[in-house]
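For the record, the sequence lines run as chains A and B.
Using the numbering used here, you'd call the opening residue of the first sequence number 32 and step up by one each time.
Using the numbering used here, you'd call the opening residue of the second sequence number 57 and step up by one each time.
Honestly, the hints are just simulated from the structure, not real lab data.
Computed from a prediction, not measured in an experiment: that's the story for all the values here.
We put the beta carbon where it would ideally sit given N, CA and C, even for glycine.
Derived, one-sided and incomplete: chain B residues facing chain A with beta-carbon distance under 7 Å:
#1 115
#2 122
#3 126
#4 264
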Amino acid sequence: MKPIDYGELDNMVFGRPDVMEDRPSHFCAGCGHGIVQRLIAEVIDELNLQERAICVASIGCTVTAYHYFKVDGLESAHGRAPAVATAIKRCRPDLIPFTLQGDGDLASIGTAEIVHACARGEKLTVIFVNNATYGMTGGQLAPTTLLGMYSTSTIKGRNHHQSGFPIRVCEMLATLDGPSYIARVSLHNPANVRKAKKAIDLAFRAQLSGLGLALVEVLSPCPVNWKIDPVKALDWMVENMIPQYPLGEFKVTPEIALLKKGERA
Amino acid sequence: MSRKILMGGNIAIAEGAILAGCGAYFGYPITPQNDLLEHMSHRMPEEGRVFLQTESELAAINMVYGAVAVGFRAMTSTSSPGFSLQQEGISYMAGSEMPGVIVNVMRAGPGLGNIGGAQGDYFQSTKGGGHGDYSVINLAPASVQEMMDLTMLSFELADKYRNPVVVLADGFLGQVMEPVVMREPVTKFHEKKWALTGAKDRPKNVINSFEMNPANHPGRIKQLLHKFEKIKANEVRYEALNLDDAEIVLVAYGSAARSAMSAMDMARERKLRVGLLRPVTVFPFPYQPLADLAEKGCKFVVAEMSGGQMIEDVRIAVGSDNEIKLVNSYGGVPLTADDIFEAIDILM
Ligand SMILES: Cc1ncc(C[n+]2csc(CCOP(=O)(O)OP(=O)(O)O)c2C)c(N)n1
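Next up, chain A with everything else stripped away, as it sits in the complex (with noise of 0.2 Å):
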């Protein structure tokens, strides 16, 4: 069989972000981490931000993110990324930084750093992947994981009296007068994979107009650490995660608003 020339066809709809590398990704089936890069990147595609983004990896599944894009990227230590990204975003204003991190990263180890940078109005992109685990080191007790539910080190399920209850990261950080944008979004069917997109969007754009913080928390499936089936974790994300973390808008200063209002079309 003659291989495909995609120059032949006429009317492609679907195909790989320009600031997408071409490698395979390393994650598990039905991840959600490569949902989220590919939105990112489709973003910083359609805002023209390669030569300016900067990828704050942390530590997490997505600790290799820049591998994924063609942008200049660093790694940095667990929980870190916040005040690695602050320091970048100070010394060079002109350039885009965004953090890509997971639950236990950003709730647990670094919960100061994401918590300061927020107060401090810090002029940044965060985007926040809650698997309600942690998937890089094999699924134990995350801050976010449901109650009652299974983890590696919760084998009976959590328990508050032992663990202590999940944090709704986006409920506590909209109480701070720094951030502009902070938002929750799921990617558990496509119409909210196109919402999450356009949430992330509106987190560059608001580094772009000079705005603080702003934070995009994205419900995402982990099913090989849930041991659930791929295509069940979906439906179990709507039925146990969104009732304890709705989905919505927790913080938009009047710019964000004006900003939302000139969405592109």
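Dock chain B with the ligand against chain A, hints included.
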């Protein structure tokens, strides 16, 4: 004509950093280096540079990492407990070959210890401190002038070797006031093609210490180790005083070296043949000059403000045949010239 200004040790570090082109300072208050942070809080903005009081020393070191990653010269200053917190960050910087400057104005430990000056972080600072196979260059000033000069040198060496450099001072030096000859601002800087400046007109730059493929990791470490060998070969610095005819060699750095110098003078007045070898770099350590003195049959007095840490390096240098005596203070108490002279007296 050179300008002389009366200055405190911590302030000389701050001004040295500014002269060296430090573009960003990040720090968290801790005694005995608060005046350094306070000074930077107004001097850096005055110079149009970045200052940020951070939420912790953890954040500070990771901000230094972020700032140097975009090509800035950057610094943090702290004292012992804060330096402990920064070890992970320093290890990441060494692993990704990032050139930051860390000032440790040592106080007494362990734990919260005491705010008095001490030299108990010698092991932590010269033997790695954080995880993995790495070393940091350690410059140990012994005067306010050196607080300025060695801070300036630390930025140069950091860029030259793409490695973190520690200015290892102590709480007494931080507070000493002495006249300082002001230096000229640095105007020549290293080109940093690796810096993250945006992937424009070149392939993207990536800064990391992580190597997914274990087969590739040893190669990276080998390169790092090679760099540390080069540093050991090229960057040993020390001051030699009265060593030509010395029978007893005092070995001391930082504040302890100032007392050792007085003790040496007291001994010389009594016609005792006492000299001083003062390491200016404690990593790389001046093993060879000490070994040469040992060869000549000298005895050694190691004077330090710790339970006895640098003495282990002196032992490595001179072997077990030569007599080595430790004279020390700890817990935030200065080591006096009288203490050291007494040790000399006993050996004579
Ligand atoms: C200081 C430190 N502690 C622990 C680890 C081990 N570690 C690596 S990733 C991780 C958890 C990551 O979980 P999360 O942030 O939720 O991201 P995910 O992997 O689920 O995407 C941990 C604990 C580490 N690398 N560094």
